[in-house]
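Residue numbers (the numbering used here), protein chains in the order written: chain A, 1 to 260; chain B, 261 to 576; chain C, 577 to 853.
Don't read these hints as lab results, they were simulated from the structure. Heads up, some of the hints might be wrong.
Just the calculated beta-carbon pair ranges, DEER-fashion [stated by the list, open to error]:
no.: 1; chain 1: A; residue 1: K78; chain 2: C; residue 2: D693; range: 32 to 40 Å
no.: 2; chain 1: A; residue 1: C71; chain 2: C; residue 2: R690; range: 24 to 32 Å
no.: 3; chain 1: C; residue 1: M701; chain 2: B; residue 2: R379; range: 55 to 63 Å
no.: 4; chain 1: B; residue 1: S501; chain 2: A; residue 2: L125; range: 42 to 50 Å
no.: 5; chain 1: A; residue 1: R147; chain 2: B; residue 2: L554; range: 23 to 31 Å
Ideal Cβ positions, reconstructed from N, Cα and C, are used throughout, including at glycine.
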Amino acid sequence: MIEQVPILEVRGIFKKYKRSGIVKTALNGVSIQLRPSEILGVVGESGCGKSTLLRQMSCQERPESGDVLLCGESVIGKSTPDVCQSIQMVFQDALASFDPRMRVSASIDEALKHLTELRGDALTLRREELIRMVGLSPDLAERYPVRLSGGQCQRLAVARALAAQPKVLLCDEVTSALDVSAQAQIVRLLAQLRAELGLSIVFVSHDLALVGSLCDRIVVMRDGYVVEQGAASEVLSSPKSDYTKQLLASVYTTKNSAET
Amino acid sequence: MSDTLLKVENLDISYGDGLVAADVSFSLKKGELLAVVGESGCGKTSLLRAVLGLPDSGVMVESGKIEFDGANVLHMARRERSALLGEKVGMIFQDPGAAFNPIRSYKKQFAEMLKSHGRFKGEKSYNEILDCFQRLNLPDSVRILKSCPYEMSGGMNQRIAIAAAMLLKPSLLLLDEPTSALDTTTQKTVVEELMRLRALTGITMLMVTHNLGIAAVMADKIGVMYAGRLVEYGAALEVLSHPIHPYTRSLIAAIPTLGCTLPEGIDGQPPLYGAEAVGCSFIKRCPYASEKCLEKDCSLTVSVGDHYAACGEGQA
Amino acid sequence: MNRIKCVSHEAIKCRVLIFFILAGLLVALSIVAPSLAPNDPYKTNSEFMKVAPNSQFPFGTDRYGRCVLSRVLMGARMSVLSSLALVAVSFIVGTTLGTLCGYYGGVLDEIVMRIADVLLAFPQMVLAIAVAGILGGGLFNAMLALGITSWTLYARLSRSLVMEMKEEPFIAAARFSGCGSVSIMFRHILPNIVGPLLVNAATQIGTMMIGVAGLSFLGIGVTPPSAEWGSMINEARTYVRLAPWTVLAPSGAMVFTVMVFNYLGDSVRDMMDVSKL
Chain A
1 MIEQVPILEV RGIFKKYKRS GIVKTALNGV SIQLRPSEIL GVVGESGCGK
51 STLLRQMSCQ ERPESGDVLL CGESVIGKST PDVCQSIQMV FQDALASFDP
101 RMRVSASIDE ALKHLTELRG DALTLRREEL IRMVGLSPDL AERYPVRLSG
151 GQCQRLAVAR ALAAQPKVLL CDEVTSALDV SAQAQIVRLL AQLRAELGLS
201 IVFVSHDLAL VGSLCDRIVV MRDGYVVEQG AASEVLSSPK SDYTKQLLAS
251 VYTTKNSAET
Chain B
261 MSDTLLKVEN LDISYGDGLV AADVSFSLKK GELLAVVGES GCGKTSLLRA
311 VLGLPDSGVM VESGKIEFDG ANVLHMARRE RSALLGEKVG MIFQDPGAAF
361 NPIRSYKKQF AEMLKSHGRF KGEKSYNEIL DCFQRLNLPD SVRILKSCPY
411 EMSGGMNQRI AIAAAMLLKP SLLLLDEPTS ALDTTTQKTV VEELMRLRAL
461 TGITMLMVTH NLGIAAVMAD KIGVMYAGRL VEYGAALEVL SHPIHPYTRS
511 LIAAIPTLGC TLPEGIDGQP PLYGAEAVGC SFIKRCPYAS EKCLEKDCSL
561 TVSVGDHYAA CGEGQA
Chain C
577 MNRIKCVSHE AIKCRVLIFF ILAGLLVALS IVAPSLAPND PYKTNSEFMK
627 VAPNSQFPFG TDRYGRCVLS RVLMGARMSV LSSLALVAVS FIVGTTLGTL
677 CGYYGGVLDE IVMRIADVLL AFPQMVLAIA VAGILGGGLF NAMLALGITS
727 WTLYARLSRS LVMEMKEEPF IAAARFSGCG SVSIMFRHIL PNIVGPLLVN
777 AATQIGTMMI GVAGLSFLGI GVTPPSAEWG SMINEARTYV RLAPWTVLAP
827 SGAMVFTVMV FNYLGDSVRD MMDVSKL
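With the rest of the complex left out, here is chain A:
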């Protein structure tokens, strides 16, 4: 069997931060691969380095050592605008990820203007197509971000990210600020986008159950280290690491509680 080239890969990433004089290592030699059309879950608690990892993957920051490869080619040293045609990101606070003084449609148009050749009517049509793709009606985007709910904002953020027709979508705790029903909508949307567009997704979250329901493979992180990784079903049913077991034991669902 031919090994597929991972669409996005980090090898031996080290990243340090200086905070009030103390140097903290956020990532300790982390190596992760994202395969084409795969949904990879990254789980861990706050401070484990998952958001930092995403920043290195999207070239927002440069790691101290290690390599970041996009389709096999190194992108270390490049900046976000260089890679944003291929790698896009959706943020935790959907409302704050839109310019509060611009209508959401204008924000999406800006992305389309910079990242595609479309102009005029073609641009407007494509914007409406993107908004429908995320399950919303185009006139919703005419509002200002503050007039939309968290779930609607997040879906529109996904629509904007799709403007570039990226290969990779990085999702940084995109469901953490949402209600349980909005969470379910986003997660289903991501699964649908993978199925329809072949999108590869990195889904970072602290919610193990949510990650388990969406992702093909799971990476468990703690204090900047990868503690465990493998197929989602395996990691959840037979975790090898004690930390993973601890995380699993902390998940409350109605099913396991109702049975006790």
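The hints should help you fit chains B and C onto chain A, whose structure is shown.
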């Protein structure tokens, strides 16, 4: 002496404009834990504020009754109500940092709290506080007392907030999404601590949460709110295993389980001022909607024993 | 959240409009002053010296028999327009420097901020007096003297606002949308920080007006026979008891104008606050 500590009847709540919650009724026996669940904007936090009666919260009770230990709270003078609720009712907030001044030591703030209720006894009080910490399994109690909130993690601050709330030995504890801002493992610690607290002191709790899983583990009774109305109410186990209202059913289906299947979303958004609407506010998102829902009486008319709901279409 | 909202948003918007219109009228008045003046502001009249207000000279005359009203109107030109110009230039220069420093940081930030620190180490008026004294009198030199330090207000404020704003998620999202640094600074950051800056600008108009008048009062700003409120007050100081209208008229005009711009600044600030609620 009646068994019921808190009784709420036909409560209408607003912030001055439209109603944010309407016709809410429930009762809490001593030692019980009622979890009020629902999406954001459903009015559950407003309900807590109305029960607590904080004058600065902006919450106004338009009509209805709130009875605490037999006394009609809404008919009391403000000072009387403050005195009663200050001692007998404690509150835990969602943001662990919200209850304390981040740059003053816990020792000073606890002392202040006791002094304002006239219960400060000097060294004796500090020993009581340390005792309380130890019973709640807080490690290194002496060091905690000397520290300031900004030095502590969110989880630790929340546990200390619980200890603080318990210092005055209240009979009712109100919890506003106590674990939403916390990490997964910390959530578990706080949940276990709250359960231990109940076992130790038999305190009554009214908890607001959007996490049905935690409600399942902790609550005796569950009340489901949607767009300002209580749509289902009953024993926790019953409501979760045999939901009656379509919304409850949809909500349960939206929770991710560890079984690797995608959760079911509920299309659309809850309406903003559904509390005042005629007919069922869930009509646009309900899989069982029909024309008669437009004029439906949304009080808890359907019942199966002690399990009540506003609509029976969600039954299996 | 209080149960009773003290002032409604509508009332605040109304206030902003009223003061904006008033300020606009003052500016318009300054521009058309020459055509409005009933008499020649520079013409001396030996037979009408220190005359009390009457039909020919509505605000009376000064010691040289010049019409006070006409001089006040011409003075408006000097005071109002020069302060507006000064504030506009300081605003643009200061905000640009501050934005670049806040966004890029590094060496530029260090240099500009240290220069600002040095300039601000001196009391503003003392430095202005020294600079105006060295450069000589005249309106332009007075404005330059005040302008040396007035840009620092905007530079520091915009720098700290930019530093805060560039950490916002929507700025990172703009980078993912393909925006370059310049586009981010001008399309996304500036419109979101301009509020507090404008409020400061509105209040500074009054301060600058008093600054120019102060320098003129001391004799190193606008000098006679040019009509300027500060120099008029200085001139009339010696005979204020004989002809109080010669001091009252320019002072009154100055107080009124400064108040209008200050209230404008206050109402704009209130409007910004309320919209954040």
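Results of checking the hints against the structure:
For K78 of chain A and D693 of chain C, the hinted distance range of 32 to 40 Å is satisfied, since their beta carbons lie about 37 Å from each other. For C71 of chain A paired with R690 of chain C, a C-beta distance near 46 Å fails the hint of 24 to 32 Å. The hint said 55 to 63 Å for the Cβ distance between M701 of chain C and R379 of chain B, and at roughly 57 Å that hint holds. The hinted range of 42 to 50 Å is satisfied by S501 of chain B and L125 of chain A, whose Cβ atoms lie roughly 49 Å apart.
For the pair R147 of chain A and L554 of chain B, the supplied restraint of 23 to 31 Å holds, since their beta-carbon distance comes to about 27 Å.
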